[in-house]
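Number of protein chains: 2
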Amino acid sequence: MDAAVDAARELRQLPKAKIAEFLEVYADKIDAAKDALVDAAFAETGLARSPRLADVELPRTSNQLRAAAAACRSGNWAMATIDTKSGIRSCYEALGPIVVFGPNNFPFAFGSVSGGDFAAAIAAGNPVIGKANSSHPETTRLFADLALQSIEQTGLPASTVQLIYRTSHADGERLVSDPRVGATGYTGSRSAGLKLKAAADAAGKPIYLELSSVNPVVMTPAALQQRGEEITNDFVTSVLMGAGQFCTNPGMVLLIADESSEKFVAAVKTRFESTASGTLLSPAVSKGLSGSVKTLCDFGAELLTGGGEPESRRCAYANTLLRVDGKTFLGNPEGFQTEAFGNASLMVVASDLDELTEVISQLEGNLTGGVYSAADESDEAVYEKIAFELIPKVGRVLNDKMPTGVAVSPAMNHGGPYPATGHPGFTAVGVPASLVRFGKLTSYDNVRESRLPALLQDASPTAETWRNINGTWTQGDV
Amino acid sequence: MDAAVDAARELRQLPKAKIAEFLEVYADKIDAAKDALVDAAFAETGLARSPRLADVELPRTSNQLRAAAAACRSGNWAMATIDTKSGIRSCYEALGPIVVFGPNNFPFAFGSVSGGDFAAAIAAGNPVIGKANSSHPETTRLFADLALQSIEQTGLPASTVQLIYRTSHADGERLVSDPRVGATGYTGSRSAGLKLKAAADAAGKPIYLELSSVNPVVMTPAALQQRGEEITNDFVTSVLMGAGQFCTNPGMVLLIADESSEKFVAAVKTRFESTASGTLLSPAVSKGLSGSVKTLCDFGAELLTGGGEPESRRCAYANTLLRVDGKTFLGNPEGFQTEAFGNASLMVVASDLDELTEVISQLEGNLTGGVYSAADESDEAVYEKIAFELIPKVGRVLNDKMPTGVAVSPAMNHGGPYPATGHPGFTAVGVPASLVRFGKLTSYDNVRESRLPALLQDASPTAETWRNINGTWTQGDV
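Protein chains in written order, with our numbering: chain A, 6 to 483; chain B, 6 to 483.
Chain A on its own, in the form it takes in the complex (with noise of 0.2 Å):
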């Protein structure tokens, strides 16, 4: 911690090109060493080479570097605001060292020293100390050693990136809401992410939190008539993309009981049923998937497929469909979006649009919800009412699309109201706002020109600055 203090006084006394030059160079070095890495993430998650650690999760991870790199060039993450006629110019700064514990399903993209979280709070100016999740400590010692190679080669603090391996609970407690720390992100299960939060919170630390999602699919009637089976397609390879290992993993589909919905039931089940399990990360996960399967089966969901325990010869467990109905579903609302982290999903059948509203109502905070309906727009209104009942609840809301991908895009949310993350404001995903997360808010009052950060200064710092000045926004100077 004390080393990350020096480098973090030292990061505040570069140029910004210098740390965005870091980022490049690093970028660069993932590109070259992508039969490594993609070889040591395969051994160690399983996940398959293609289509996704080598030709989606590697390519999204470098070029969220260079975008984190350009944000960091360019400042546009900073908001800067000018005020000139009462003389107080305010923008983003360095918050101070940025504690990264990073999730098992993601290696590459979300990793602790090279991921999202990683990626913003360089940007933004801190040095970050990286906490390796133990399901891929070799993908994880590989970034950190070519992170460490960009350090040398671009002068760097060396202790700009830290990583360090198998924390205790408390430990992590202790790091998480040390006074020198700034923030921390954490993207893992809720359990183990609600205890680092009440220490950081405790300490008046921010946490940002990705915690747990089921992310609900509404299929409406008239969707189904007219296109049951590309939506089933579309669902069936959603659900089971990465053995149903995404955050955004559609766990839950709202439905109408009519004879579309049960068609559509049925047709998933099939495709369950003739579609080979995925592998899983780790036995933990094979475990914790079981688990929760059955205790929606005791809360009274039906099991339509799959199931059981997981698969004795390796780590895997059956494409599993539930089912119940949205009578039963308000009987025990919480209870029934446990998260089934996997392969597997929850159909929630309601008997009408104003039972199916009511479900809605009784979501807890989730990453994503989505909305299938006619194209023709013939059933406005009942998009109408499930879209005002849908959006408070998630952050990112979708029409007629999978929430799986998460697009690295400035518009992105990949948040969402609690428990989905620790605060209903912020993104984890798309430059510049993820940047924010690790940023202190600081105005300058009457304070001289030249002592002002460049980017507060008369003239813009680079031609891809924008600045608001006086309301307006420009890229322009004073």
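Don't take each hint at face value.
Copies of the same chain look alike in the list, so a pair counts if it works inside one copy or between any two.
Cross-link-like lysine-lysine pairs, in silico, DSS-like; alpha carbons within 25 Å at most [unchecked claim]:
(1) LYS23 x LYS34
(2) LYS406 x LYS90
(3) LYS406 x LYS34
(4) LYS268 x LYS292
(5) LYS390 x LYS268
(6) LYS390 x LYS23
(7) LYS23 x LYS200
(8) LYS34 x LYS292
(9) LYS406 x LYS299
(10) LYS292 x LYS39
(11) LYS200 x LYS34
(12) LYS90 x LYS274
(13) LYS332 x LYS268
(14) LYS274 x LYS292
(15) LYS390 x LYS332
(16) LYS332 x LYS406
(17) LYS274 x LYS390
(18) LYS332 x LYS90
Honestly, the hints are just simulated from the structure, not real lab data.
Add chain B to chain A, keeping to what the hints say.
Relative to chain A, chain B alone:
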């Protein structure tokens, strides 16, 4: 709370212009009721009618409501971001019922149903449940009456503004952690605020706190040599203004031991002794002030003037100046940062620049921090060392200016690192930034255009609206 939830649902369906109109009508009614409001506030708080309640705080309050109305109408607080390539669009939206706890020291501008948090929460589209500060119940009631009249006149839901009195600690904790709440804004004492924070944090509910701040001001020897008299005047005016009951009152002055510093301390002492002590807000404030002064003296501060018990004939306390040397301060930095809320200040005299920066490095988070240095920049190296340590500790850094004025500027940060506030990234003053605290970030992914909120549709909703479209800030359409 149920009524607030109903209002929140109705507000989501209203055009933003309707909500803006309410804020503007309310602002006009406040201006029109000026005499009654000033009379009530003067009777309840003892704050001066002029220059203060009538000519400063009241116009600030109505103008703050009008600025919030403009932000509500244009949507310029909501950070509309449109990415046409990925088909994703995002903005901040209403979050849900907001609870506002107003402080004792600004009966208008920070009032539960009239002040900055109220204006921001309403302008972001949320209903407010205000908790009246018990030190000015009638003033708050008058505001609630005007708000209700404005609601009736503009046709907003009646429960858009609710006001409650005298909650127990337990009820306050239930309120801020209720599942139906969107967020809470609190300005007040640290002890009560931290209890509310613990309850809100445990429930995953955002809470924005403004807790306490000693607002350190550094005066370099060169500044005091060059313009000691002017600085003395600035400081004495600022520290005794409103009997020192400002959140940004300069409660701590940091000096380097030399002749000019000694002259400054002596001059301030003389002025404190020759100026009548102001009327304090309540017996509780004078009791608290007396207790804090005693605490500082017990820790080893020297009482230069003032101190003792509260005045017995009226609600007041002698102007109080304390002094401690840097070494003693560093022996108990937490203790010497005890806030003495009122007309008191502590001079910390360091032996040299190194000790001074060591003192600064031990400061807690503060709303503001100031530096007076040589006008001719002859001590620029000294300034740099001071500012480098000071900036991470404060939300607003000032040059050659006292912190007590808090302009309603888009570049204002009335915030700062914990424990000054609960989060280093948010400001309680300044439009549009203060509204974001009460918003929920929502992405619309592949959502059909007619279903998007007006702010995210292709056509810009107003000529004043700024949106980021494909990386470019523009007032135009997609």
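Going down the list of hints, with the structure as the test:
1. LYS23 x LYS34: within (17 Å within a copy, 54 Å between copies)
2. LYS406 x LYS90: between (48 Å within a copy, 16 Å between copies)
3. LYS406 x LYS34: neither (34 Å within a copy, 49 Å between copies)
4. LYS268 x LYS292: The answer is neither: 31 Å in one copy and 74 Å across copies each exceed 25 Å.
5. LYS390 x LYS268: Only inside one copy: LYS390 and LYS268 sit 24 Å apart there, 72 Å across copies, limit 25 Å.
6. LYS390 x LYS23: between (51 Å within a copy, 22 Å between copies)
7. LYS23 x LYS200: Answer is neither; intra-copy 36 Å and inter-copy 43 Å both fail.
8. LYS34 x LYS292: This pair counts as neither: shortest intra-copy Cα distance 36 Å, inter-copy 64 Å.
9. LYS406 x LYS299: For LYS406 and LYS299, neither the intra-copy (29 Å) nor the inter-copy (65 Å) Cα distance is at most 25 Å.
10. LYS292 x LYS39: neither (31 Å within a copy, 67 Å between copies)
11. LYS200 x LYS34: Neither. Shortest intra-copy (35 Å) and inter-copy (48 Å) distances fail the 25 Å Cα cut-off.
12. LYS90 x LYS274: neither (66 Å within a copy, 35 Å between copies)
13. LYS332 x LYS268: So LYS332 and LYS268 pass the 25 Å test inside one copy only (21 Å; across, 79 Å).
14. LYS274 x LYS292: within (22 Å within a copy, 72 Å between copies)
15. LYS390 x LYS332: Intra 19 Å, inter 66 Å, cutoff 25 Å: intra-copy only.
16. LYS332 x LYS406: neither (27 Å within a copy, 64 Å between copies)
17. LYS274 x LYS390: neither (28 Å within a copy, 68 Å between copies)
18. LYS332 x LYS90: Classified as neither; 60 Å inside a copy, 41 Å across copies.
The structure is inconsistent with the numbered hints 3, 4, 7, 8, 9, 10, 11, 12, 16, 17 and 18, although it conforms to all the rest.
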